[in-house]
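K.L.:
Given next are the chains, with one letter for each unit.
2 protein chains.
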Amino acid sequence: MKYEDYVNLKYEPKETDLICEFFVEPLGISLKEAAGGVAAESSIGTWTETTTTKPYVEESAAKVFEINGNNIKIAYPIELFESGNMSNILSSIAGNVFGMKDLKNLRLNDIHFPAELIQSFRGPKYGIQGVRKLLKIPKRPLVGTIVKPKLGLKTEDHVKVAYSAWVGGCDLVKDDENLSNQKFNPFEERLVRTLEFRDRAERETGEKKVYLINISAKTDEMIRRAQLVQDHDGRYAMIDVLTVGWSALQTLRDRNFNLVLHAHRAGHASFTKNSKHGISMKVIAKIVRIVGFDQLHVGAGVGKMFETKKEVVENCNALRKKMNGIKPVFPVASGGLHPTLVPELLKIFGTDVIIQSGGGIHGNPLGTTAGTKAMRQAIDSSLKNIPLNEYAKTHKELRVALDKWSLE
Amino acid sequence: MKYEDYVNLKYEPKETDLICEFFVEPLGISLKEAAGGVAAESSIGTWTETTTTKPYVEESAAKVFEINGNNIKIAYPIELFESGNMSNILSSIAGNVFGMKDLKNLRLNDIHFPAELIQSFRGPKYGIQGVRKLLKIPKRPLVGTIVKPKLGLKTEDHVKVAYSAWVGGCDLVKDDENLSNQKFNPFEERLVRTLEFRDRAERETGEKKVYLINISAKTDEMIRRAQLVQDHDGRYAMIDVLTVGWSALQTLRDRNFNLVLHAHRAGHASFTKNSKHGISMKVIAKIVRIVGFDQLHVGAGVGKMFETKKEVVENCNALRKKMNGIKPVFPVASGGLHPTLVPELLKIFGTDVIIQSGGGIHGNPLGTTAGTKAMRQAIDSSLKNIPLNEYAKTHKELRVALDKWSLE
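If you're matching them up, the sequences are chains A and B in order.
Just so you know, we're using my numbering here: the first sequence kicks off at 1 and counts up by one.
Just so you know, we're using my numbering here: the second sequence kicks off at 1 and counts up by one.
Hints are computed from structural coordinates only; laboratory data are not their basis.
Where is the CB? At the ideal position from N, CA and C, for every residue including glycine.
Some hints could be false.
Simulated crosslink set (BS3-like; lysine-lysine; CA at most 30 Å straight-line) [claimed, not checked]:
no., chain 1, residue 1, chain 2, residue 2
1, B, LYS2, A, LYS304
2, A, LYS2, B, LYS183
3, B, LYS104, A, LYS404
4, A, LYS14, B, LYS154
5, B, LYS10, A, LYS2
6, A, LYS396, B, LYS321
7, A, LYS104, B, LYS309
8, A, LYS404, B, LYS101
9, A, LYS309, B, LYS404
10, B, LYS404, A, LYS54
11, B, LYS310, B, LYS321
12, B, LYS309, A, LYS276
13, A, LYS2, A, LYS154
14, A, LYS304, B, LYS125
15, B, LYS104, A, LYS347
16, A, LYS396, A, LYS14
17, B, LYS183, A, LYS276
18, A, LYS154, B, LYS54
19, A, LYS154, B, LYS10
20, B, LYS139, A, LYS10
21, B, LYS32, A, LYS101
22, A, LYS183, B, LYS154
23, A, LYS73, B, LYS139
If you want the footprint, here are the derived chain B segments under chain A, 3+ residues with CB under 8 Å [claimed, not checked]:
no., segment
24, 80-92
25, 180-191
26, 199-213
27, 310-323
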């Protein structure tokens with residue numbers, strides 16, 4: 001089969017097919033050839049005809065069934081994949097194709113997984129409803145912070161920041177993506193001490209509080225750390241899903257710890273940022289959900305990260321919309337967030353969101369506890385449809401935050 | 001500290017610092033601010049001043065110590081990282097920074113790891129010399145093939161292709177990146193049957209032969225498969241390192257199987273292809289070496305993949321040059337290779353290379369065995385400095401290959 005033979009615009013995808021949407025920009029070949037080339041390289045074909053092929057193999061060919069400008073859709077027979085093996089699936093559909101010399105750009109914009117493949121993965125254990133039940137917060141947006149500075153803080157100071165955030169009204173306190181088990185703040189000591197202060201904050205506030213400790217490490221060690229967290233009555237673990245990798249995440253999820261799993265996406269923008277090449281964040285969101293995480297960073301549409309509001313909404317849809325019985329996942333808004341941005345954030349996300357603010361809380365001139373109060377006040381006023389400036393008249397923490405961070 | 005405070009052009013990096021080379025293209029801010037922003041976000045800083053920082057934390061700041069046009073160098077104190085934890089290191093230096101709104105593009109072009117960090121990883125068990133010893137081939141380039149078609153072939157046909165390649169003169173036969181344990185060719189059956197034919201090919205040729213079976217899967221299953229391979233006297237395993245992920249690779253390497261580990265890089269070009277954004281393949285090569293693989297695909301500089309010869313040479317240097325006692329790794333040339341390209345390939349790679357050809361062997365009109373002979377003939381003639389066309393006068397398999405694949 002030549003590349004063009006992989007194009008069949010009359011083909012009607014089967015329910016069991018996996019469907020990919022690509023943006024394709026050919027280099028020196030026709031779009032049809034480029035489209036067929038992507039289907040070939042990601043299924044059964046290669047650059048030349050081989051003597052070793054068999055007629056029965058051609059039944060497994062992927063088919064380009066739609067070409068719309070530079071946007072194409074490819075259907076892959078499910079037989080091409082191993083169930084429950086994310087590495088295998090991605091090595092086909094998001095593997096060699098990006099490196100083809102005949103393509104200037106190639107972007108995997110979306111994947112539609114067939115039910116049978118989805119069900120071969122674990123999916124989230126808790127999801128949005130499970131998290132809300134655990135935290136006893138049925139409706140409002142959750143408030144999280146990241147302990148800052150992100151690295152360098154000694155354990156005793158780390159603990160104080162966490163405690164100050166919880167008593168101010170934070171539901172979640174989380175490590176930053178690059179804190180794991182450094183000498184200045186070792187994992188076990190941090191775990192034990194921070195959870196002591198979580199318990200204290202719970203007693204003092206009467207609210208449920210959770211600590212998202214970063215367990216990212218090689219698989220064995222990550223699982224050992226997850227076990228430690230569970231043994232110490234931690235309820236959450238956070239993982240840098242992309243630098244850890246899919247195979248370790250699947251094995252972690254298989255262990256079925258009683259831990260909510262929070263996914264940080266450090267590194268994603270190395271391949272999601274260019275809108276013409278790489279892989280969309282929406283795709284990563286779907287995979288994280290299928291593999292079985294309960295929460296995922298999806299950008300914010302405002303703040304310090306690059307994504308547009310439209311992209312963020314698409315990411316949220318990937319996490320929250322119906323998907324073959326797989327639980328919806330909590331989108332986490334993060335990256336340069338502060339109270340002034342809350343009304344806009346709620347417009348983008350709705351209320352099923354975790355608003356994660358680091359600098360926007362610890363940067364409040366009145367300190368972390370006040371910074372958290374300001375964030376909760378911003379949420380309260382938004383939910384009540386009261387303008388922030390109005391609400392700030394009687395809430396000084398919010399007033400201070402609005403004074404520091406005005407919208408440009 | 002503001003972003004600019006992370007720039008100190010007078011700073012002289014310590015031997016223990018980790019050094020990164022970035023290409024930075026700011027968006028709406030100065031280059032100095034952008035450079036400092038990258039150093040901040042990848043170490044201890046964030047977008048705003050926080051009340052929670054401590055004077056002792058600033059000692060851990062990363063420092064931009066060189067700015068040369070858009071190319072910058074950043075030094076990271078080793079204390080920022082957890083030894084032996086690749087996910088942790090990458091979440092810092094190749095994490096959030098790519099997503100900063102203030103940067104149009106950011107590319108991590110190189111990493112120089114300090115000896116102490118390198119030594120906290122396993123490194124390759126075999127490396128080039130170990131592989132040469134195993135295969136009893138002290139000097140010449142190794143010849144490998146990939147069973148094609150890449151997917152869809154039933155086990156009995158897969159086995160025949162492998163056998164035909166070995167008896168023609170292939171040293172290595174490998175699975176393709178997306179073959180794992182599909183119904184048409186299940187892992188265990190394929191392992192057992194292919195190794196039977198390997199033994200037969202060894203008896204018939206008197207040469208050592210190896211089968212690189214793809215064990216890519218979730219960590220537990222991958223380790224189970226590695227154990228199976230070892231139990232069946234397999235000598236090699238191949239892994240799709242990027243879709244599997246660093247944490248699983250480290251745990252696999254920790255098991256210290258008596259298996260040569262072959263790294264396929266499926267998916268790399270989603271972030272390596274754009275020369276202004278993402279991560280260079282050279283960086284991936286260094287990481288794969290440090291984590292402990294023995295062979296890695298590095299492109300070819302010719303053929304169907306996009307990389308330039310210069311990039312390929314840099315990848316080879318990352319694998320083969322001295323690196324704190326870590327064994328050199330075999331570069332694997334692959335992607336649209338055929339006998340006509342061999343003289344050029346040897347100019348680019350030298351002789352410490354594995355020439356991996358799928359279509360260029362199985363596409364030989366005389367079949368796989370002839371295709372392999374043609375490849376070996378092309379290598380023999382190149383090593384003897386005889387022009388291919390001259391050598392082909394007395395070697396019909398090469399003649400047929402040259403007729404099919406002329407250089408454009």
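K.L.:
With reference to the structure, classify each hint as holding or not holding.
P.N.:
Consistency of the hints with the structure:
1. LYS2(B) x LYS304(A): holds, 15 Å
2. LYS2(A) x LYS183(B): holds, 26 Å
3. LYS104(B) x LYS404(A): Roughly 27 Å separates the two Cα atoms, so the pair holds.
4. LYS14(A) x LYS154(B): holds, 23 Å
5. LYS10(B) x LYS2(A): Answer violated: LYS10(B) to LYS2(A) is near 58 Å, above 30 Å.
6. LYS396(A) x LYS321(B): violated, 61 Å
7. LYS104(A) x LYS309(B): holds, 18 Å
8. LYS404(A) x LYS101(B): Roughly 20 Å separates the two Cα atoms, so the pair holds.
9. LYS309(A) x LYS404(B): It is violated: about 52 Å lies between the C-alpha atoms, which goes past 30 Å.
10. LYS404(B) x LYS54(A): Holds, because 21 Å separates the two Cα atoms, which is no more than 30 Å.
11. LYS310(B) x LYS321(B): At roughly 16 Å apart (the allowed maximum being 30 Å), LYS321(B) and LYS310(B) satisfy the hint.
12. LYS309(B) x LYS276(A): This hinted pair holds, its Cα atoms lying about 25 Å apart.
13. LYS2(A) x LYS154(A): violated, 61 Å
14. LYS304(A) x LYS125(B): Given pair LYS304(A), LYS125(B) is violated - Cα atoms ~43 Å apart, limit 30 Å.
15. LYS104(B) x LYS347(A): holds, 27 Å
16. LYS396(A) x LYS14(A): violated, 59 Å
17. LYS183(B) x LYS276(A): violated, 35 Å
18. LYS154(A) x LYS54(B): Roughly 9 Å between the alpha carbons, so the hint for LYS154(A) and LYS54(B) holds.
19. LYS154(A) x LYS10(B): holds, 28 Å
20. LYS139(B) x LYS10(A): violated, 53 Å
21. LYS32(B) x LYS101(A): It is violated: about 35 Å lies between the C-alpha atoms, which goes past 30 Å.
22. LYS183(A) x LYS154(B): The given pair, whose Cα atoms are some 52 Å apart, is violated under the 30 Å limit.
23. LYS73(A) x LYS139(B): violated, 47 Å
24. 80-92: holds (count 11)
25. 180-191: holds (count 5)
26. 199-213: violated (count 0)
27. 310-323: n = 0 at 8 Å, threshold three: violated.
When held up to the earlier numbered hints, the structure conflicts with 5, 6, 9, 13, 14, 16, 17, 20, 21, 22, 23, 26 and 27 and fits the remainder.
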